[in-house]
Amino acid sequence: MAVDDRVPRKARRALKAFASRAAREPLVHFFAVALVLFAAYSVLHGPEHRPAGASITIPQGRVNQIAESFRLLAGRMPSRAELQALVNDFADEEIDYREAIAMGLDADDTIVRRRMRQKLEFLAEDADASEAPTDGELAAWLHQHAAEYRVPERIAFRQILASSDIRGARALTDATGLRDKLNAGANPEELGDASMLPAVVPLTTREGVTSLFGEAFARHVFEQNACEDWFGPVASPLGAHDVQIMSREPARDPVFAEVRDQLRSDWIEAQRMAKREEFQARLRRRYHVTVDWPEPYRK
Amino acid sequence: MRRTALVATVLLGAVAQAAVAAPNPLRNVYFGDLHLHTRNSFDAYIFNVRATPEDAYAYAKGGTIKHAMGFDLHLNSGPLDFLAVTDHAEYLGVLHAIDTPGTEYSKVPYAKELFGTERNTVLAAFSRFAESLESGKRRADLADMSATVSAWQETIRSAERNNNPGTFTSFVGYEFTSAPGIRNLHRNVIFASGKAPAMPFSALESQNPEDLWRWLDARRAEGIEALAIPHNSNGSDGTMFERTMWNGQPIDRAYAELRARNEPLVEITQVKGTSETMPLLSPNDEFAGFELMTSYIGVTKPITRFEGGYVRDALKRGLEIQNAVGVNPYKMGFVAGSDSHNAAGSFEENNYFSKVGVLDGAPVQRGSVPPPEYKSWAEFEAAGKTPPLSSTWGSAGLTGVWAEENTRESLFAAMRRKETFGTTGPRIRVRLFAGYGIKSVNLATDAGVRAAYAKGVPMGGDLLVKAKQKPELVVIAMRDLRSAPLQRIQIVKGWTDASGKSFEKIFDAVCSDGGKVDRATQRCPDNGASVDVKTCQFSQDKGDGQLQAAWTDPEFDPKQNAFYYARVLENPTCRWSTWDAIRAHVEPNPKLARTIQERAYTSPIWVVPANGR
Chain A
1040 MAVDDRVPRK ARRALKAFAS RAAREPLVHF FAVALVLFAA YSVLHGPEHR
1090 PAGASITIPQ GRVNQIAESF RLLAGRMPSR AELQALVNDF ADEEIDYREA
1140 IAMGLDADDT IVRRRMRQKL EFLAEDADAS EAPTDGELAA WLHQHAAEYR
1190 VPERIAFRQI LASSDIRGAR ALTDATGLRD KLNAGANPEE LGDASMLPAV
1240 VPLTTREGVT SLFGEAFARH VFEQNACEDW FGPVASPLGA HDVQIMSREP
1290 ARDPVFAEVR DQLRSDWIEA QRMAKREEFQ ARLRRRYHVT VDWPEPYRK
Chain B
111 MRRTALVATV LLGAVAQAAV AAPNPLRNVY FGDLHLHTRN SFDAYIFNVR
161 ATPEDAYAYA KGGTIKHAMG FDLHLNSGPL DFLAVTDHAE YLGVLHAIDT
211 PGTEYSKVPY AKELFGTERN TVLAAFSRFA ESLESGKRRA DLADMSATVS
261 AWQETIRSAE RNNNPGTFTS FVGYEFTSAP GIRNLHRNVI FASGKAPAMP
311 FSALESQNPE DLWRWLDARR AEGIEALAIP HNSNGSDGTM FERTMWNGQP
361 IDRAYAELRA RNEPLVEITQ VKGTSETMPL LSPNDEFAGF ELMTSYIGVT
411 KPITRFEGGY VRDALKRGLE IQNAVGVNPY KMGFVAGSDS HNAAGSFEEN
461 NYFSKVGVLD GAPVQRGSVP PPEYKSWAEF EAAGKTPPLS STWGSAGLTG
511 VWAEENTRES LFAAMRRKET FGTTGPRIRV RLFAGYGIKS VNLATDAGVR
561 AAYAKGVPMG GDLLVKAKQK PELVVIAMRD LRSAPLQRIQ IVKGWTDASG
611 KSFEKIFDAV CSDGGKVDRA TQRCPDNGAS VDVKTCQFSQ DKGDGQLQAA
661 WTDPEFDPKQ NAFYYARVLE NPTCRWSTWD AIRAHVEPNP KLARTIQERA
711 YTSPIWVVPA NGR
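Protein chains in written order, with our numbering: chain A, 1040 to 1338; chain B, 111 to 723.
Extracted from the complex, chain B is given alone in its bound form (with noise of 0.2 Å):
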């Protein structure tokens, strides 16, 4: 397994060398994760990954890992461009301690039940973990953090050795995991360069982002640049966008300016759910519904509190706390991520292994097949079981990157400047802008995008509004040539009105198969494609390979604060679960979704009135 990781590492590092591309003013398209964890993870140590950085590295440019259940792992869409190994901060690298007998760790007495055989021993055993993350409290049985600086060191290491300007960039990160009672904080912490601190700061230090926020406002006083992106906010119970500081107080601008200064970007999408929006949230959204996780993560804890747990939400509260305070705490462009604990990042609805080991390995373990002892669902249903969590887990996301160059540098600054966007998982290109003048650019010629460039802003931009002039929005998104053609392209606006108050609206900005939108309902006609859950064979002849529009917004006004950000959809294919059935020969399961609508999601576009509040 290992050979074949290094033969296809070697090779790709040979053929990118020969193939450094110069840099591109109108810039590239790149594809990678910003989110993925190791056997570093005490949580993806204990279900038998064992796959360290390297592998991750390795599957990431081309090559084949094992499974931490013993079979394959390769990506069949091609390789990455970019990857970010994000371990846990919190017990980084300890697990692994602790079942290396010898050291110190080893001899904490829970160390036999950890390792041991007895499912429900293993798992009593991990509840420390759990409970210790949950609290923010370091166990002090495990005080001593050498097996921490080692991982910590093997991450920044393995880092820097597969960083190949050009051709493969990789990214210093960790996780910071802070859950107040379960209630989900996490962050990715991404560095600019391979400067890293000597230790990352985790929730263990303090569960307080705003603590994390000050960490590293001081590494980059001390010339460490980095950035926290929030994810999994669907599993905060309403806590990851809140309107209030961490001291219950009403956000004030130090606040606004200090997470928006750390945080430009935020996750969409991932493994564990979408977190662009949901239904409760969006009643006129009828794709709102997608891939969603309304528990808390990892156990069965329903959410209740929707608002301030989901990003378009968080972008319209940040236009009222804008308007409140002068400076808007939730300006974020979109980044989408696995969240894989195997390594590898399963983005692939028909090469699809889930996210920790030994636990979702299987589908059996998902809930995409029965257990052996049920004949059918109709069985498993009558003996009052019901499917695991994860089989509400969705393939990974993916983020899509525009700069100059496949390197740190541009990468970051492209993040920086928010010009990213998430995909569930295939490579939808996209491209939006905004400006004056710019309605008649075509997007598909390198012409269109310099006159794009000169006359608007690109994604994750500002517009300010222009007395007598209508901002135009110009879109262009091309499917993943592996994945479905698209379907449409919408265009999703929040705005505040005079009152302060926020809203919602979505736009159906252009159609596949010449179909026109209807002006009344703002949506493109059914292209009528469908797919054969039975093969999972979808229609050839419907949808569009490229989509493109320049679109206005027919309820515009010049004062008001505004977003506006694209969503593309992809016509339907077959959910994981349901390709995990085909496979297995048995029925779909009832209370999963059998097809989906993959999409893309750019960052926003702000359009700013004059009067510049």
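Next up, chain A with everything else stripped away, as it sits in the complex (with noise of 0.2 Å):
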């Protein structure tokens, strides 16, 4: 094919940083998607048809694309001169293309591997990915993951501490009475041993309870059957204690309403994801992996 030289040398290289201006607009991203989407089908559905040694054939399809691209940006269609600049640049880039594939450029070049990797991906997760599901569809998802959106079972409880700084040893002891004394009626403000933990926790979950008195202190609370009396003696780090749970409130499904945004944040990730994993799937069954593992590494 013959090089038109009608158009100088630096404005073909305006042009050239034209297009690589371009290269970074989402329009242009669609169309080189949909390049790459189209070289994805050939692969996938057998080899291109691709003329043999030093011919180049572009045909008018790809010539109306490059103008295309070239309205998009500028605003208006190219003159002949551009149009023939541009597609000079085309031909150069295919026949640049072809040599660095004969000659092997792209085996082995971690670069162009990962690059081609990632166009699949993009690829897949762009296909029919859509960012506006229904409130049908959010509820769905919701029915079917019910178990990662439930609300955690939440205790309020009331606490007093026997201080093991302060008892010692006695403190398991000291807090058996003083639980005594709380179910005779005593009032807890008057007992125990002042703290920075809270004496009134309002409702809240076991990991919270376990970050303010100790894994094995929730344990014990949360598993405490239903009972308006105080119990105990519960211990933690800092002591025995006495408790009386106020309140409880089971675990329990979410509202829709409450979790509508979480929903659809993790609805649309989850798509991505899926398309991805499914999109790989795919792939992989065309393939027979077998690999010869080094010594060793062999089982």
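Hints are supplied without guarantee of correctness; some may be wrong.
Okay, derived cross-link-like pairs now, DSS-like style, lysine-lysine, Cα gap no bigger than 30 Å in a straight line [stated by the list, open to error]:
1. B:576 <-> B:611
2. A:1158 <-> B:176
3. A:1158 <-> B:222
4. B:176 <-> A:1314
5. B:644 <-> B:576
6. B:644 <-> B:565
7. B:626 <-> B:701
8. A:1158 <-> B:217
9. B:411 <-> B:701
10. B:652 <-> B:549
11. B:701 <-> B:652
12. B:615 <-> B:644
Read the hints as simulated data drawn from the structure, not as lab findings.
The two chains are supplied separately, each in an independent frame; assemble them into the complex guided by the hints.
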């Protein structure tokens, strides 16, 4: 193919820069994706019909597409000379690409491989990723993943402490005595040793209670059977506690409106991930992978 | 991996929504990290860190993410209450762009070397960035800012998405990475709200922190509130807290005001060592030798000037400068951070993964386990080998904040008034008040806290000297239930005398196990707590769960400018390097401390004479 020299070298450079700026535009990305999609289709459905030897034919469709890309960025159609320069550049790129492939430059190049994989992933994600799930879809998602969105059990309680700093080994027996006084009607505000821990804990999850009082305490309190009395002693690293449960809210499924935004964000993320996985799985089915493991790694 | 993080975030989000508590006028304590890097930092990406700001929030909220070397990262001590992602503003997002074929960035000639497999080639290519930061000159071949714009937008978007008022607070932030001649003048800039500037002001705009403060003033005038937090003054070779300004002239009143307005806080400890003080500056402080880093950042060049490089010394200098110019430029409260470049802080000694991805993710790389070619540390040493710099790093610090509720407004206001403290990792809770007629209040009760607020000032505040009255300090601390019991609470005092010269002294205020402070030495008796370094088991019967004290200064002089802060010490526990060695069934590295005493530092209270200089 003859290289047209009617466009001066300088102008060609400028156009090249223009094309490179264009590469950063989302619309052009769209076209780039479309192009790759075409290429991927070819890969998946048999070899592209490509003439051998030194001949390169640029079909009308491709020229139109180059012109359209220019129009999207410049707001007008390119002149014949401008289009010629862009088409020449495309031809150069195709020539270089074929030469590079012929020389095997694509093989074992981490950057090329990674880039191609990334493009495939984009393809898989963008092919029909919807950013606007309906409430129906979200409700179905919530139904399917109910366990993940379940609001955990919460407990509100009062506690007093028999501090082992102050009472040493007596803390445990002291706490038993304090419990009996409380159940006989004593005022909890007048009993026990004051600490930086809250005397009254509002509705709190097991994780929250653990972070305040430690794991053993949280387990004991959450596994305590329903009762209105003070119970104890419940041990923590600070000593022995007596506890009275004030209210208990069982684990429940959230109301749709409570988690709608979260559902939407998770749904979109999950769709993307699923598409990527599905695509990868489809590709994987076309290959049979065997690995010749080096000696130290053989089972 | 992402799935786990996602589900965890969801769960916590849901839990959180249902559990928002009413604001507490007596203030709650919240723990978090104001210093964290992700793949958007040039020096994280190069070491294979690919975790994003989203991953950083997932981890902070209790999720599980991956380390660059493939293992799981999870906070055993429970989720954090707040987090700021503070990636380096310089070349923000640029390494990722260079590593993305097809971008203009990927065309830099050294792109291939940066992401090759030859360690030395990678480091040589990477040194271009270190040199640029040292000189403060932006590389001409990376003048395109589009990657930085996009990464900054990601930072803001991710903070906005993860901010859950009432349960989890995210702050928009970044790191200003000024290091003229590798002398560390780094600051983290933390924004009060989601209102952030179009671009961060970086050290490639100016290495002069005064320019950063003027830029912050200008943003404030536009309604964008932020503050800057200096860190690793230990790596500044005495330049972080100078007596002079950038132009070499002595600090004047305008400088002192500019600085104090924009830098109310300082990061007192983090992975790269503690900046409170060190033995050469505080020869009478037997606890000063804690996790010291005495070299420049990232290189083996030793620090030669410690004055001006440590926080306690800076507080003292601040009093001296205040006497001279009327304003204290170094009136700083304390925070602490991780500075992890893994998008995840390693706060726990027994869950330690160091700081920068594949550089130090394995024990052999951080000097806690000898390389496989050496059978013992003796052989290692005989071969003339020395452990890497990262062996002297400590586990991450944490910031504690006393605030009404877990929201940006409430936490930021607390940071402004310096009602904050720093810990070396454990979630030790500590409160300090100073006032008159408060010595009998019990800070373990709501009534006591209410009285302390009514009659005194909390940490970070100023107390005016009253005629014929001695200020009373009250302090309380509670242990982290997952770490060791407490050993003592100390009061660290700094003051200036009539000649304007500054001094320091440490007083033990309360001892564990019923010990009494010796009035001659001002020290507690040894409580006998020990650690079995073969198992890391520590004494279960020594130390206290909670310590509290009322304290008055036996040497109080109403004419002196003074500050007081509390330092809480835990019983000894195993250092991370000992845990690493035990797990690898090798001897701990004899060059490294086997045990440490974790601690918390409250912001100071300044006691100001009535004649008010």
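Hint check:
Between residue 576 of chain B and residue 611 of chain B the CA atoms are separated by roughly 23 Å; this keeps the pair inside 30 Å, and the hint holds. Among the hinted pairs, residue 1158 of chain A with residue 176 of chain B is consistent with the structure: their alpha-carbon atoms are about 24 Å apart, no more than 30 Å. Restraint check for residue 1158 of chain A and residue 222 of chain B: the C-alpha separation of about 20 Å stays at or below 30 Å, so the hint holds. The hinted pair formed by residue 176 of chain B and residue 1314 of chain A meets the criterion: a straight-line CA distance of about 22 Å does not exceed 30 Å.
Restraint check: the Cα-Cα separation between residue 644 of chain B and residue 576 of chain B comes to about 54 Å, which exceeds 30 Å; the hinted pair is violated. As the CA atoms of residue 644 of chain B and residue 565 of chain B are separated by approximately 49 Å, the hinted pair breaks the 30 Å bound. Taking the CA atoms of residue 626 of chain B and residue 701 of chain B, the gap is about 35 Å. The hint is violated against a cut of 30 Å. Taking the CA atoms of residue 1158 of chain A and residue 217 of chain B, the gap is near 19 Å; set against the 30 Å cutoff, the hint holds.
Between residue 411 of chain B and residue 701 of chain B the alpha-carbon distance is near 19 Å, which keeps this suggested pair within the 30 Å criterion. As the CA atoms of residue 652 of chain B and residue 549 of chain B are separated by approximately 27 Å, the hinted pair is consistent with the 30 Å bound. Note on residue 701 of chain B and residue 652 of chain B: the hinted pairing holds, with a Cα-Cα distance of about 28 Å set against a maximum of 30 Å. Pair hint residue 615 of chain B plus residue 644 of chain B does not hold up; C-alpha atoms about 36 Å apart against a cutoff of 30 Å.
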